[in-house]
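If you read the sequences in order, they're chains A and B.
If you use this note's numbering, the first sequence closes out at 312, no skipped numbers anywhere.
If you use this note's numbering, the second sequence closes out at 366, no skipped numbers anywhere.
What the hints contain is simulated information worked out from the structure, not anything from laboratory work.
It is possible that some hints are incorrect.
Cut-off 35 Å, straight-line C-alpha distance, at most; resulting in silico cross-link-like pairs (DSBU-like, lysine-lysine) [said to hold, decoys possible]:
| no. | chain 1 | residue 1 | chain 2 | residue 2 |
| --- | --- | --- | --- | --- |
| 1 | B | K103 | A | K200 |
| 2 | A | K200 | B | K167 |
| 3 | A | K200 | B | K153 |
| 4 | A | K120 | B | K178 |
| 5 | B | K153 | B | K177 |
| 6 | A | K30 | B | K73 |
| 7 | A | K30 | B | K132 |
| 8 | A | K200 | B | K132 |
| 9 | A | K30 | B | K130 |
| 10 | B | K182 | B | K153 |
| 11 | B | K182 | A | K200 |
Just a few of them, taken from the derived set where beta-carbon distance is under 8 Å, the chain A residues facing chain B [unchecked claim]:
| no. | residue |
| --- | --- |
| 12 | A211 |
| 13 | I212 |
| 14 | V224 |
The C-beta atom is built at its ideal place from N, Cα and C for all residues, glycine as well.
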Amino acid sequence: MVDVAFQPNRTAAAQSGRRRVGLRNALRRKSMSAFLMTLPLILLIAILVIYPAIYSLHLATLNKAMTKFVGFGNFEFLFKRETFWLVVKQSCIFAISAVIFKALIGFIVAHFVHNVPANKQRKWRGMLLVPWVIPPAMSTLAWLWLFDPSYSAFNYTLSFFGIGPIPWTGDAMWARFSVILVNVWYGAPFFMIMYLAALKSVPEQLYEAAAIDGANWWQRIWYVTLPMMRNIIAITTLFSLIVTFANFDIVRILTAGGPLDHTHIFATWAFRVGIEGSDIPLGASVSLFMVPILAIAAIFILRDITKRGNEA
Amino acid sequence: MADVSLRKVVKRYDEVEAVRGIDLDIADHEFVVLVGPSGCGKSTTLRMIAGLEDISDGDIMIGGDVVNDVPPKDRDIAMVFQNYALYPHMTVAENMSFGLRLKNYPKAEIKSRVTEAARMLDITDLIDRKPKQLSGGQRQRVAMGRAIVRNPKVFLFDEPLSNLDAKLRVQMRIEIKKVHQKVRTTTVYVTHDQVEAMTLADRVVVMNHGRIEQIGTPNELYHKPATRFVASFIGSPAMNFVPCRLEDVGGKLNVRLTDRLAFALPPARAARYQALSRTDRLLLGIRPEHVMEARPHAEPGVEPFDAVLDVTEPMGMETLVYFTLEGSQVCGRVSPNAGAQDGSPLRLAVDLNNMHLLNEVTGAVL
Chain A
1 MVDVAFQPNR TAAAQSGRRR VGLRNALRRK SMSAFLMTLP LILLIAILVI YPAIYSLHLA
61 TLNKAMTKFV GFGNFEFLFK RETFWLVVKQ SCIFAISAVI FKALIGFIVA HFVHNVPANK
121 QRKWRGMLLV PWVIPPAMST LAWLWLFDPS YSAFNYTLSF FGIGPIPWTG DAMWARFSVI
181 LVNVWYGAPF FMIMYLAALK SVPEQLYEAA AIDGANWWQR IWYVTLPMMR NIIAITTLFS
241 LIVTFANFDI VRILTAGGPL DHTHIFATWA FRVGIEGSDI PLGASVSLFM VPILAIAAIF
301 ILRDITKRGN EA
Chain B
1 MADVSLRKVV KRYDEVEAVR GIDLDIADHE FVVLVGPSGC GKSTTLRMIA GLEDISDGDI
61 MIGGDVVNDV PPKDRDIAMV FQNYALYPHM TVAENMSFGL RLKNYPKAEI KSRVTEAARM
121 LDITDLIDRK PKQLSGGQRQ RVAMGRAIVR NPKVFLFDEP LSNLDAKLRV QMRIEIKKVH
181 QKVRTTTVYV THDQVEAMTL ADRVVVMNHG RIEQIGTPNE LYHKPATRFV ASFIGSPAMN
241 FVPCRLEDVG GKLNVRLTDR LAFALPPARA ARYQALSRTD RLLLGIRPEH VMEARPHAEP
301 GVEPFDAVLD VTEPMGMETL VYFTLEGSQV CGRVSPNAGA QDGSPLRLAV DLNNMHLLNE
361 VTGAVL
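Next up, chain A with everything else stripped away, as it sits in the complex (with noise of 0.2 Å):
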């Protein structure tokens, strides 16, 4: 469509002038009128997205009054504090370990609908995505009042085990414990459909033909089901990386970054600075400090994505 919109119109190219010429040839590149064509969006997206970046990185170079410019100030303050420390700490096995939990898990759950007979699929798609359509502060919420330590569902059910009371959120492991679990919970739906869609893109002729090879059910997983796998596998991986640590909710109702900072995570711990603290750029320091993290991660993800891509 693009070459035809601009056919160019040879006798009258001829007649105008040498800058309309040069005008029409910049046009007649495809490279040219395509970048034209989302121009527009282009725009949109740098208003929307760059320009709170670079005023982010800005912020992060004043004062705390936010008047003066102190360079890499912030960061050297932030170097030299412990909780920034035990943020990273926090942050690091909070996403890490929450990832992998959701993966496993959603990657046996995917398992189990995938062999659940068609015409009863769908009801245990719906039951099992529950916990990922309903809004996480609300769902947070009605863990915080499980994990409650005095009259909660749980610590009741564990005391006719002669269990506890167990002070869910109250001691630095168990708090940290329960975080990742909700966030486990709230996540591993996603994994599951993802994994689930994967599932069935495989052809079911390779586990044929793997079954007939001599493969047991784990190495069809191994060599079949993963590798078939891989792709999705690491783009949920990297999105989930980046959401997860980035995330704020679960965290901020559930604990809201203690006993004494121990579950603080990137997000929680910038909005306890930047704006409980009222210091912005400190705030602002604390946030970008992901950046370079989940790009490290981004990179290691993605980097064959492309060559590995579409390999059937």
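Starting from the known structure of chain A, arrange chain B on it as the hints suggest.
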């Protein structure tokens, strides 16, 4: 290597019986082709031999052992699928050696077997490529290579040539035959293409509606079909069927096609059909090559008649002519020099020495 036996094998899906109790004995080294229209149960039968489908009833034996409940990997079989089912993330060599690697064969042995199979199939240069870098014919060879390196008791082919274009199909057909001549492994091959069945098979099994219609060598099926289904399924163009009845005229037996057209049967045929009822509704079955142009000095049993041609199809070597007899379309094969033209009359002859007589109701060849 081993023989394969099926005893009263049944496959039921809920209420549908896909395979309705078939008996089949396949000898060691034999190349057997299951052929039939889609839905006749041939692929299901093959998959039951492979162990990919449970059997609802009956027994399957490979090498004398009942394998009803033996999983596919322990049946020592290899299968070539219609869409090749190559592992897309593995190279050709890895695809071919996968089964051996799972069974922990020594590396040297795997390498020599893969090299040997690749040489046999002429894919040595492709050994490090991924399946997506191969053409359809090359993928087909790799799929066969994967079967060969395992050196199994039985090869199973499930419509392996259906995804190839016509020219390549002919070429691969010859390749498969060559491979079988070299490795001599017992082979069960499923196809819906009767030409493939005829050209490849030691014996052909014609299936229809989940039952075996007839088992025989390609020539037996062609010249002595047992039923109307086999007679019409085997051979291209298909056998002609014209309603007819028998009548006695002056002590001789005639076959009457229309009020004006009747042929005297040759003595051998007359003796064979003498006992049949004269009132039964019968079908005259005659292959196109036995309907040809009339020649001045006809052999005994070759009866001339006049026909007005509807359509002619010049094939180069011969011309196919189509005309109508009593509402049935009949195809004949005449010489390109016979002067056959659309819509024009032509004097033809029918070779009754090669005729078949069928019961119109039961479809049995009499």
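These are the hints, each one checked on the structure:
no. : hint             : in the structure
1   : B:K103 to A:K200 : 28 Å, holds
2   : A:K200 to B:K167 : 34 Å, holds
3   : A:K200 to B:K153 : 33 Å, holds
4   : A:K120 to B:K178 : 49 Å, violated
5   : B:K153 to B:K177 : 17 Å, holds
6   : A:K30 to B:K73   : 55 Å, violated
7   : A:K30 to B:K132  : 30 Å, holds
8   : A:K200 to B:K132 : 20 Å, holds
9   : A:K30 to B:K130  : 34 Å, holds
10  : B:K182 to B:K153 : 15 Å, holds
11  : B:K182 to A:K200 : 39 Å, violated
12  : A211             : 5 Å, holds
13  : I212             : 5 Å, holds
14  : V224             : 7 Å, holds
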